[in-house]
Amino acid sequence: MVKLMLRAVIRKITSPAPVIAVCAILLFALTSLIVASLQDDSQGELQYWITLLGIAGIGILVFFLLINIAILARQLWRKELGSRLTTKLVFIFLFLMVIPFSLIYYFSIQFLNKGVDSWFDVRIEQTVKDSLLLSQTALEAIKEDIINDVEVFARTLRQNVPASELLSTLEDFRKLEDFTEVSLFTDDGRVLAFSNENPSQVFPDTPGDEVFTELRLNQTYTLLEPLSPTAQQLRVVAPIPVRELGREFYGLQVIKVLPLRYATLANSVETANKQYAQMVFARGPLKFSLVVMLSLISLVSLLFSMLAAVYLSRRLVQPISNLAAGTQQIAEGDYGSQLPVTSVDELGVLTKSFNNMSRKVLEAQQTAAASQSETEEQKGYFEAVLTNLSSGVFTFDNTRCLQVCNAAAGDILGLEQSELVSHSLDKLIELNPQTAVFFERIQRGMESPHSSWQDEVTLLGQHGRQIIILRGSLSSHRESGNKEHNQTQPSQSGIQQSDTQQGDTHIVVFDDVTNLIQAQRDAAWGEVARRLAHEIKNPLTPIQLSAERIRHKLYDEVGDQQQEMLERSTRTIVQQVESMKDMVNDFSSYAQPVRAQLAPLDLNQLIRDVVELHASVLQNIELSIELASELPLIKANSGALRQVLNNLVINACHAIEGIETPKLRIASAQPNNVAGQYVDVIVEDNGPGIPTDIQESIFDPYVSSKAKGSGLGLAIVKRIVEEHSGSVWTQSGSLGGAVMQIRLPINALQTYRGNRN
Amino acid sequence: MTPSASNTRSKVTGNTWLTGPNWPLVLLAFAFLTSSVTQAKGIVLSELEVDIVLSEEVQSALDNGVTLNFTASSAQKRQVLFITWAGNKKAQQFALSRHALSNHYLLHTPFRSAPKSFSSLRRALDQLERDSLALFRQTAASQTARPITWIHRLNLDIYALPSPMRLQAFWSQDWELDSGWSS
Chain X
33 MVKLMLRAVI RKITSPAPVI AVCAILLFAL TSLIVASLQD DSQGELQYWI
83 TLLGIAGIGI LVFFLLINIA ILARQLWRKE LGSRLTTKLV FIFLFLMVIP
133 FSLIYYFSIQ FLNKGVDSWF DVRIEQTVKD SLLLSQTALE AIKEDIINDV
183 EVFARTLRQN VPASELLSTL EDFRKLEDFT EVSLFTDDGR VLAFSNENPS
233 QVFPDTPGDE VFTELRLNQT YTLLEPLSPT AQQLRVVAPI PVRELGREFY
283 GLQVIKVLPL RYATLANSVE TANKQYAQMV FARGPLKFSL VVMLSLISLV
333 SLLFSMLAAV YLSRRLVQPI SNLAAGTQQI AEGDYGSQLP VTSVDELGVL
383 TKSFNNMSRK VLEAQQTAAA SQSETEEQKG YFEAVLTNLS SGVFTFDNTR
433 CLQVCNAAAG DILGLEQSEL VSHSLDKLIE LNPQTAVFFE RIQRGMESPH
483 SSWQDEVTLL GQHGRQIIIL RGSLSSHRES GNKEHNQTQP SQSGIQQSDT
533 QQGDTHIVVF DDVTNLIQAQ RDAAWGEVAR RLAHEIKNPL TPIQLSAERI
583 RHKLYDEVGD QQQEMLERST RTIVQQVESM KDMVNDFSSY AQPVRAQLAP
633 LDLNQLIRDV VELHASVLQN IELSIELASE LPLIKANSGA LRQVLNNLVI
683 NACHAIEGIE TPKLRIASAQ PNNVAGQYVD VIVEDNGPGI PTDIQESIFD
733 PYVSSKAKGS GLGLAIVKRI VEEHSGSVWT QSGSLGGAVM QIRLPINALQ
783 TYRGNRN
Chain Y
7 MTPSASNTRS KVTGNTWLTG PNWPLVLLAF AFLTSSVTQA KGIVLSELEV
57 DIVLSEEVQS ALDNGVTLNF TASSAQKRQV LFITWAGNKK AQQFALSRHA
107 LSNHYLLHTP FRSAPKSFSS LRRALDQLER DSLALFRQTA ASQTARPITW
157 IHRLNLDIYA LPSPMRLQAF WSQDWELDSG WSS
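Line by line, the protein sequences are chains X and Y.
Under our numbering, the letters of the first sequence match residues 33 to 789, in that order.
Under our numbering, the letters of the second sequence match residues 7 to 189, in that order.
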């Protein structure tokens, strides 16, 4: 609290106003002092106080100066903005000020000494002395005349003046000589008689002791006595020796007031002499006083100039310091700082310009912040859209480096987003061999001359076979991200993206349409099955019943020959109807999706069960069963997979019919070089293999290399395998016949027919 | 100030400067009084006599036409606790000068209109001492309603010196002719 008050007081007293006030008072006081020094009738006490005031004022100015210097030193120590420039300016001002000031002071002192000395001329001094001497001589002459008269009269009185006539004698003598007063004293100072021109004068002008001292020496006492500036008198006292008992002498005193002309002239000479003597005597003190005054004024002026240098420097530097501070604030990100405009000069214009610039920077910054906020919102919206999008989205920059990867993309491909982002396309192909074909398709699409492209690729992903549709487009735009953090940043919404996006961007949107295609296919086949059941299967029963009724009604009414023909015809109709029913049922079975629940299934055991089921058929076949040990359980529908294995084993048996040494190999395995967890089932025979012309469509319905058969066996196999998110294909085997290879995921999704998400 | 003008001047000042509770000034006055009582310079004042000794500088000034104005002051000594000050001051002025035409020293006293002439400075100073002592005794003998302790002071009035000489006289000890307050 005290510190704050002290600082406030220091701030107040170090402001220019008190200094200017003190300086003004001081200059006024010192000027008055100088004027007073040159005038005799001035008030001495006032001069004393003015001198004290001047010294006190100088002390105050020194105090102000020391405080300002201390403040400046403190600012320098703290390295405050503008302090060094202020110090430089102060030193420059002082340098420019002190040297001429010192010269002026030195020469002023010299001129002052010479000037005061020049007032005193030897001839004037001699003239004054001569005038005094002349006056004294003139007065001496008057005095001598009076002395002669007085001494003559004294002798007269001594000789024959009786006491009774003494007073009249004095009166006559006074009137005769035109004296002012004539008086007679005893040697002890008693008045014997006196005569004065003023009748009202009761007592005579008694002489002093020193007069009687001289009279005792029998000497006549004379003295010129000033009465007033315009009146002087001559006092002459002559001794009258007597020979009386106890008395030595009488004193005859004559007082004569000098005539006015004499008195005035004498007084004038006296005054002139006095004043000149005073001046001569006061020459030293006068010089001293003037030097002191000059020094005081010089000191006040110098101190004032020093303080003014400090204040001016501060005032000059203040706008620059403000500008520096403002610039620093802007550099530190504090935009919009407004500086006080304290002048209308160039610095004021500069400050105004700075304020204008600062305001515009603030506006621009606010606009940029708003824009950034809007961009962030849009980005957030975009990320939210991307995150919630079931389709995978990739964006590649012009260097084919993956910039953006949403969660669905990683999910579809079974890859971690962080493993994808910021890698180039070539690197992605290299790092992910199981999805290499996917990225190769993207690369091919990006290399295509078209701005947009579309492709389809089938992958064996983590959850099985996937059909992925890709659509790519080239987007030409430039966007600068945050260059300070050129790293992969996981966004809050789960979108992995690199921070630098620049130039042409390839946007690739892809989707796993496996289920969609499957659903479409199921719907199509289901519709076919429904139509078949409706259009074909429904009329079959009436046909069969009608044929049996015809046989029943006509069998007894026709002859034997016709009976046989009737019997054969109706049996043929019934058999064909049954055959058509089987065909329709088979087709319905194919078209109808498996809706059974998936459950853990030991595939090896299923293979053993199927082999056991067909043991009688396989008696004459060289059977090789190669089951992988530690084969994991898979999630599957055992009934459906049993049908798959039955179909494959039956097809193989049909294929190797008539072969001299029929061979059949059934194997299970766990592939190592694929992503995800799969199990393989291989059924291989040494039959004639699959004809080349139907290799492409061997799994389509009603495509078969056999003369007999519905052509739906492999189609059903493919459908069931795909419904388990697996894949089936043919390949060349070591036995020379057909090889059917099934790859099933260990963790097939339950809703394999529906949306995977 | 001319001797003729000053010889009739007398002033009586009251203690109105102490009417307010201006204790810092009182303390300052106390310090001033204390110092003036204890430091008599050039003039010794006691109950029985006054002794004035002029420095060579002052004598030289007097012989060169400078009039010396002496102030004889009497005041009532007042005291509250440890603070003492002079109240109800009365002052008379004496002017000592040299008359060049007659080569005598003139003493203007408050008792007569015309100055008294003296052939030597010592005689003039003796007369000044006598007159001031008489003045002090006269003041001290004045009848008052209650007992009063009078204090007296005789000093050279340097404020009455010619203007160019004052500044030097302010801090020159040669010009310090002051008896200080003495009872």
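Rather than coming from a laboratory, the hints here were simulated on the basis of the structure.
Ideal placement from N, C-alpha and C gives every residue a C-beta, glycine not left out.
Check each hint, because a few of them may be wrong.
As the list claims (entries may be wrong) - Taking lysine-lysine and the DSS-like style, the derived pairs with C-alpha atoms no more than 30 Å apart in a straight line are:
| no. | chain 1 | residue 1 | chain 2 | residue 2 |
| --- | --- | --- | --- | --- |
| 1 | Y | K95 | Y | K122 |
| 2 | X | K613 | X | K585 |
| 3 | X | K35 | X | K146 |
| 4 | Y | K95 | X | K207 |
| 5 | X | K161 | X | K319 |
| 6 | X | K146 | X | K319 |
| 7 | Y | K122 | X | K161 |
| 8 | X | K411 | X | K392 |
| 9 | Y | K122 | X | K175 |
Unchecked claim - Covered, in the sense of this in silico footprint (three residues per stretch, anywhere, with C-beta under 8 Å from a C-beta of chain Y), are these stretches of chain X:
| no. | stretch |
| --- | --- |
| 10 | 162-175 |
| 11 | 250-264 |
What the hints assert, rightly or not - A short, non-exhaustive set of chain X residues, derived as facing chain Y with CB atoms under 8 Å:
| no. | residue |
| --- | --- |
| 12 | E77 |
| 13 | T83 |
| 14 | F95 |
| 15 | L98 |
| 16 | A298 |
| 17 | E302 |
| 18 | N305 |
| 19 | Q307 |
| 20 | Q310 |
| 21 | V312 |
| 22 | F313 |
| 23 | A314 |
| 24 | F320 |
| 25 | S321 |
* Of all the hints given earlier, name the ones this structure violates by number, lowest first. => 3, 4, 14, 15
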